[in-house]
Each structure stands twice: as structure tokens, then as C-alpha cells.
Amino acid sequence: METAFTPFAGLIGGALIGLAAVAFMGLLGRIAGISGIVAGLLAPPSSDTLWRGAFVIGLIGGAAIVRAVGWGQVPMITAAWPVLMIGGLLVGIGTRIGGGCTSGHGVCGMARLSVRSIVATLVFIIVAMAVVYVRRHLLGGV
Amino acid sequence: MKYVTTVASALVVGLLFGAGLAVSGMTNPAKILSFLDIAAIAVGDWDGTLLFVMGGALAVTFVGYRYVLSLPHPVLDSLFHLPTARAIDLRLIFGAAIFGIGWGLVGYCPGPAIAALAWPTAEPALFVAAMLVGFWIGGKALR
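Chain order of the listed sequences is X and Y. Heads up: the first sequence at position 96 corresponds to 96 in the working numbering, and the numbers run straight through without jumps. Heads up: the second sequence at position 94 corresponds to 94 in the working numbering, and the numbers run straight through without jumps.
These aren't lab readings, by the way, just hints derived from the structure by calculation. Be aware that a few hints might be false.
Pairs of lysine to any residue, SDA-like flavour, derived with a Cα cap of 25 angstroms [to be verified]:
(1) Lys140/Y - Asp48/X
(2) Lys140/Y - His73/Y
(3) Lys2/Y - Ala23/X
(4) Lys2/Y - Val119/X
(5) Lys140/Y - Gly53/X
(6) Lys140/Y - Val119/X
Derived contacts from chain X toward chain Y, CB cut-off under 8 angstroms, selection only [what the hints assert, rightly or not]:
(7) Ala21
(8) Val38
(9) Ser46
(10) Val56
(11) Gly70
(12) Ile77
(13) Val123
(14) Met129
(15) Leu138
(16) Leu139
Computed from a prediction, not measured in an experiment: that's the story for all the values here. Glycine included, every Cβ here is placed at the ideal spot set by N, Cα and C.
Bound-form chain X, shown alone (with noise of 0.2 angstroms):
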């Protein structure tokens, strides 16, 4: 199952993360970080809630934007759906324990230099990577 290899819309998408990574903290003086930003939602409501709220709704709304000019990739999904909702879980509880995922570790905290955002990118992509090896030529799934 492979996929077409574009660096130049990786690297124009990868700026775009970046210039977003920059204003937020350059506005609102925080980390970019997506799993902290939502899982702020399940909190009880504070003055928090809707920057929050209307930050997910950017999100989605920019992809949304993107897809309607027609350069966005749909989503193929091929994990059954039992394995869509343990790696969901496993992707939430993870984020939180481990204070962040790609974005607030992998970009803002590499960005700063954090040694733990250091150690924690690398752990969950050398765990993500040995997920798949061993799915796909171990178990010869997909």
C-alpha cells in the first residue's frame, strides 16, 4: 500500500504548521500542541474553553478549505474499525501521560530544543514504526 512522495506539499503544508506554531505562541503565548488544546475541552468550562473550541474549529475548517480547492488527500483508512478505536484510545490516553503528541513535542518542543520533547519524539515514532513492521512483515497484515 504505498503512497505518492511529495516533499514540496509536505514542506509547503510543514511552513504553514509552523507559521501557525509561531502566531499562536507569538499571540496567545502558547505551545501548539493539539492533544493539550483539545483535551482542555473535557475540563469543566473556564475563560479557556472557547479559544479552545474555536482553534478546533480552525482546524477543521482549514482542512476543510484546502479540500474544497481541491488539494487535500482523502483519508484511506484501511484499520478495521475495532483497531480505529483502540488506536484512538491508545492515542488519547498516550498523548496525555506523555504531555504531548507530534505537534507539541515532535514541532514546538524540538523548535525549543526541550530535551524530553527530544526523547519523546523519538520514542513514539521508533514505537510507531516497530508497530507497523511488525503488522505488515511479521503478522502480514496491513
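Place chain Y on chain X using the hints.
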């Protein structure tokens, strides 16, 4: 007024972030799984796009943070809310590893999964619903 500006700013930053995820193709988990499949490097059908996404994002953030964090305070707040934790502890490693398992199983991390809700398919919604439950459980586990 500042409060309204804060909410509006978050919306605009969210738009930028979501657009970046969609433009880079990260809303398609098949691309992430192709990147994570290191055995594919040997046979030549590896998709290294994620490296360019991370590279582009890191380069801009690294340079931008240099400037922004040199300011006395952010535009809309009196202080920067920066993480204070420094310890490389078991919780960090364990949490990152659990996240890695979920990421490797499906190919979605939180941002792309939520941005993918822009497509009218059931799978991202199911993943995000489970992830929200996970956030809640993980939040409980921290206390």
C-alpha cells in the same frame, strides 16, 4: 475586546494549522503508515513526505520562536505559558510509547485525525471519539 481577539486569533491559527495538515497530505493516514514502514525503504516504495513536513514546520518554528520568545510577553497575554517540566521520567517514555502504538496501528495522531473530520467519512470521527475517551482516561491517570 481582548477576549474576542484571543478567540478570533485561535480560530485563524487553527485554520492555518488545519490547512497545513491538509496541504501536506497528513490527513491521509496511509501516508503516515507508508512513512513508518521502514522496511519499504529497501524495496523503494517508502514515502518520506513526513520528514519534509516535520522539517518545514521545525525550520519555521525554530526561527519564529527565536523572535517571538524574545518579546517581553505575547500580544494577547501577559506571559508565555511554557512547559516547566524537565524530567526525562518513566511517565514521559511510557506515555510516548503508548501514543506510538496507537499511531502505528492507525496512522493518525491528534491533529491530522481532527483535521480529517473535514471529509465526510466515518473513520476519522470514530477515531477522534475514541481519542477523546483516551484523553479523559489519560487525564484521570495523571491525578
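Out of the numbered hints, which ones does the structure contradict? Violated hints (numbers, rising): 2, 4, 9, 11, 15 and 16; every other hint is consistent with the structure.
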